[in-house]
Amino acid sequence: MQSILAVDDSPSMRKMVSFTLTGAGYHVVEAFDGQDAYEKAQSHEIDLVLVDQNMPRLDGIGLTRKLREHPKYQTVPILILTTESSDQMKQAGRAAGATGWLVKPFDPNRLIEVIRKVMP
Amino acid sequence: MQPVSESTRGPGVHLPVMVAAELQDSLLVVMHDLHRLEGLLSHATDNLLERFGEANESLTESLVHGSPELVAVQTALRNAVVELQFQDMASQLIWHTTKVLQSCAFQLAAEAMGSEEGEEPAALAQMAPDRPNPVTQSEMDAGSIDLF
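One line per chain: the protein sequences are U and C, in this order. With the working numbering applied, the first sequence has no gaps in its numbers, which climb one by one up to 126 at the end. With the working numbering applied, the second sequence has no gaps in its numbers, which climb one by one up to 431 at the end.
Any given hint could be a false lead.
[To be verified] Keeping only pairs whose Cα atoms sit at most 25 Å apart, straight-line, the calculated SDA-like set for lysine to any residue is:
{"no.": "1", "chain 1": "U", "residue 1": "K46", "chain 2": "U", "residue 2": "M125"}
{"no.": "2", "chain 1": "C", "residue 1": "K382", "chain 2": "C", "residue 2": "L306"}
{"no.": "3", "chain 1": "U", "residue 1": "K96", "chain 2": "C", "residue 2": "L306"}
{"no.": "4", "chain 1": "U", "residue 1": "K96", "chain 2": "C", "residue 2": "F369"}
{"no.": "5", "chain 1": "C", "residue 1": "K382", "chain 2": "U", "residue 2": "M125"}
{"no.": "6", "chain 1": "U", "residue 1": "K96", "chain 2": "C", "residue 2": "I377"}
{"no.": "7", "chain 1": "U", "residue 1": "K72", "chain 2": "C", "residue 2": "I377"}
{"no.": "8", "chain 1": "U", "residue 1": "K96", "chain 2": "C", "residue 2": "N416"}
{"no.": "9", "chain 1": "U", "residue 1": "K96", "chain 2": "C", "residue 2": "Q307"}
{"no.": "10", "chain 1": "U", "residue 1": "K78", "chain 2": "U", "residue 2": "D113"}
{"no.": "11", "chain 1": "C", "residue 1": "K382", "chain 2": "C", "residue 2": "L430"}
{"no.": "12", "chain 1": "U", "residue 1": "K96", "chain 2": "C", "residue 2": "Q375"}
{"no.": "13", "chain 1": "C", "residue 1": "K382", "chain 2": "U", "residue 2": "D15"}
Calculated directly from the structure, the hints in this document are not laboratory data.
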């Protein structure tokens, strides 16, 4: 079973993401911010990272940058799921190494489609 | 909201200290109400999601796996996920608005009554949000997707 690291400081968003992903047959590892996610990324085998942008301690772009520096995460897809929709933020995400930028609220069916498309 | 510097200050309107104090009180009351609203939304969402999970589990247990009825109800629940994300967006919006109001309240006090001893204008600037409101959506339609 493929594992997805779902990162969001909102417990309700984590529940919604987990509900969607487990229903589609994925194993979900939850993290409450970028720092927590970075630590869990070291101790779990993760096939895809789905991360919020605005979080305390370490935001989504910061986490993406840190993970891309790690040999284990150079090719793992990283999707940023956020309320932020400005082109400036999207370009910052792209420059950090994100695979895609999804604006909230997410549609469960479209989220699964995108994950299937980018996950090896 | 940035503090007004001497160089950008135009012709001023003198505000009596009592009026400034009342305005500041009103802003603080609104901030407190927004905080309560956030708590109400959070509590309601927690309960809603718990019931949502229970409904999903009950369905899976009580209906035959793969039955058309089960698939139809599970599809309906999955579609509700879009709207159930309202609390996350609302709390970000409330947080940003509260920061703006907080900045207004403190700037009003500083302008009308003067800064406290040792308080730098920079401290007021730090109370304001450091970026535009992250929530620009006005409807709960699913957002855009960009793959790089």
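The hints, checked one at a time:
| no. | hint | verdict |
| --- | --- | --- |
| 1 | U:K46 <-> U:M125 | holds, 19 Å |
| 2 | C:K382 <-> C:L306 | holds, 16 Å |
| 3 | U:K96 <-> C:L306 | violated, 39 Å |
| 4 | U:K96 <-> C:F369 | holds, 22 Å |
| 5 | C:K382 <-> U:M125 | violated, 39 Å |
| 6 | U:K96 <-> C:I377 | holds, 23 Å |
| 7 | U:K72 <-> C:I377 | violated, 30 Å |
| 8 | U:K96 <-> C:N416 | holds, 15 Å |
| 9 | U:K96 <-> C:Q307 | violated, 37 Å |
| 10 | U:K78 <-> U:D113 | violated, 29 Å |
| 11 | C:K382 <-> C:L430 | violated, 33 Å |
| 12 | U:K96 <-> C:Q375 | holds, 19 Å |
| 13 | C:K382 <-> U:D15 | holds, 19 Å |
Hint compliance for this structure: hints 3, 5, 7, 9, 10, 11 are broken, all remaining hints hold.
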